[in-house]
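Enquirer: Using the sequences and the accompanying hints, generate a full structural model.
Protein chains: 2
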Amino acid sequence: MKILIIEDEQELLNSMLTYLRGENYVCESAASYEAARQKIESFSYDCILLDITLPGGNGLVLLEELKTDNKTSGIIIISAKDSITDKIKGLDLGADDYLSKPFHLSELNARISAVIRRRHFSGSTVLTFHEIVVDLIAKTILVHKKPVDLTRKEYDLLLYLALNKNRVVSKNAIAEHLSGDSVALFDNFDFIYTHMKNLKRKLHQAGSRDYIKSIYGMGYKFEV
Amino acid sequence: MKILIIEDEQELLNSMLTYLRGENYVCESAASYEAARQKIESFSYDCILLDITLPGGNGLVLLEELKTDNKTSGIIIISAKDSITDKIKGLDLGADDYLSKPFHLSELNARISAVIRRRHFSGSTVLTFHEIVVDLIAKTILVHKKPVDLTRKEYDLLLYLALNKNRVVSKNAIAEHLSGDSVALFDNFDFIYTHMKNLKRKLHQAGSRDYIKSIYGMGYKFEV
DNA sequence: GCTAAAACTGAAGAGATCCTGACGAAAAGA
DNA sequence: TCTTTTCGTCAGGATCTCTTCAGTTTTAGC
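Note that the protein sequences, when read in sequence, are chains A and B. Just so it is clear: in the first sequence, position 84 is 84 by the numbering used here, and no numbers are missing. Just so it is clear: in the second sequence, position 105 is 105 by the numbering used here, and no numbers are missing.
Hints are computed from structural coordinates only; laboratory data are not their basis. There could be a bad hint or two in this list.
Remember, identical chains collapse to one label, so a pair may be satisfied in a single copy or spanning two.
To be verified - Below, simulated SDA-like cross-link-like pairs (lysine to any residue); rule was C-alpha separation at most 25 Å, straight line:
| no. | residue 1 | residue 2 |
| --- | --- | --- |
| 1 | K145 | L163 |
| 2 | K146 | G217 |
| 3 | K171 | G94 |
| 4 | K146 | P55 |
| 5 | K101 | L163 |
| 6 | K139 | S44 |
| 7 | K165 | H144 |
| 8 | K145 | G217 |
| 9 | K146 | E176 |
| 10 | K171 | Q10 |
| 11 | K165 | E34 |
| 12 | K146 | S29 |
| 13 | K146 | V169 |
| 14 | K145 | V168 |
Expert: So, in structure tokens, the structure goes:
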């Protein structure tokens, strides 16, 4: 699978490249719309990550071109939070999905595979783990096809664990993800214990098996 | 995995220590180049975080020394944004990566594990020794494709042995690697005996052959 | 073989980590 | 505004891990 990343922030770009290559995607990058346009004309990509807030050009114009060219690439818009307009949200402009900065690389990865899956296999943006189904767009959880009433934090927590399935995730990482604050340092993880407890209880009551394992001294693991 | 943090800003240092210890790294710190030099001479680290803009000494000189000493440590340069020269960016000076302040601790963490992977494991995320598989990202050990649950110390111990496969590692080296304060020589290796015993037992019970040999008077060897 | 040093073992206390229920604060919804 | 829900903190207790210790076995050298 081949991905084009259109992004000018060097550090973010590097992170994305490293992560996505680690996920076995073939990645190329462009730091300007002009460079991107050239690449798109010459090569084909399964997915294009488009930062629409680059200096020196309007990303929406590029988006227009992309859609009229009826290429088969899936397109995910990336943008600062306050640049996400209702039009983008509604995906009226023809993108397949959008993600606002700052985002987590694991979430980006999930979106990419969802978009690619949909394009190639006309699926939807859901993640399925046995009886648990996560709908990324609706932000809902189904267990045995029945919705489970989770709070926002609980949903975030489950999604994060699910995106990192079969990996041990540290409490540092969880705390950062839940709080949305990527700068803060956490001296106490009590709130994680509480959310974890409630999440586990709700999933259990809904009839799910206990996929969330606690790994003493290391963190948690969503094991499927 | 053991890390040396060379940094004089106390607050930042504390954040880094707390975070990285939370990620199960064994961490030590030095607030000056002189202190750092001493530690580096006496002990070995898997990764060194080097702030090159400390007062009272030039970090680049220390970097030079580090590279000529051909130690196996990975080196990540940390510095204020405007001190990042093109040379550093190109990593011509021999560092493995660089990070400009301010940075996110999770980003630092990602860089560290990438550097360690590159240096020690030639970039791979899983190590395979016949029926034993070490997944560095999942932080999980598989024997015959089934997970074996190890404690932190047991996992670290196995990783350290695997890292030095087919070499004899002394108990001093193991002790230094497992427990943070490398102040003095250890007079008592009882805790190693216990961890080793438990590790061996768990691997054996999981159906693995006994690759860990005890070399009388020398140490241990992971023989594959 | 004998001896002393080194290595192993099981048990157990100390210590760290995690879970739980309850409660007030904060946020969201009516 | 008032009500309801969600969130984070806290303290007590449960659980798991680490280290130490004492007793036993193995090893190398004589």
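Enquirer: If a hint holds in the structure, say so; if it doesn't, say that too.
Expert: Hints, verified against the model:
Both within a single protomer and between protomers do K145 and L163 lie at most 25 Å apart by alpha-carbon distance, with minima of 20 Å and 21 Å respectively. Taking identical chains as interchangeable, the C-alpha atoms of K146 and G217 lie at most 25 Å apart only when they sit on different chains, with a minimum of 21 Å there against 34 Å within one chain. When the C-alpha separation of K171 and G94 is checked against a cutoff of 25 Å, the pair qualifies neither within a copy, at 31 Å, nor between copies, at 33 Å. Taking CA atoms no more than 25 Å apart as the test, K146 paired with P55 passes in neither setting, with 46 Å inside one copy and 50 Å between copies.
For a Cα distance limit of 25 Å, the shortest separation of K101 from L163 inside one copy, 18 Å, qualifies, whereas the shortest one across copies, 29 Å, does not. Taking the closest pair of Cα atoms, K139 and S44 come within 25 Å of each other only inside a single copy of the chain (22 Å); across copies the shortest separation is 36 Å, beyond that limit. For the identical chains of this complex, K165 and H144 are neighbours both inside a copy (19 Å) and across copies (20 Å), given an alpha-carbon limit of 25 Å. Only between protomers do K145 and G217 lie at most 25 Å apart by alpha-carbon distance; the minimum there is 23 Å, versus 34 Å within a single protomer.
Taking identical chains as interchangeable, the C-alpha atoms of K146 and E176 are never at most 25 Å apart, the minima being 30 Å within one chain and 30 Å between chains. Taking the shortest alpha-carbon separations for K171 and Q10, only the inter-copy value of 23 Å comes in at or below 25 Å, while the best intra-copy value is 28 Å. Proximity of K165 to E34 under the C-alpha cut-off of 25 Å is found in neither arrangement, the shortest distances being 33 Å within a copy and 44 Å between copies. When the C-alpha separation of K146 and S29 is checked against a cutoff of 25 Å, the pair qualifies neither within a copy, at 38 Å, nor between copies, at 38 Å.
In this assembly of identical chains, the alpha carbons of K146 and V169 lie at most 25 Å apart only when taken from different copies (19 Å versus 27 Å within one copy). Taking the shortest alpha-carbon separations for K145 and V168, only the inter-copy value of 17 Å comes in at or below 25 Å, while the best intra-copy value is 27 Å.
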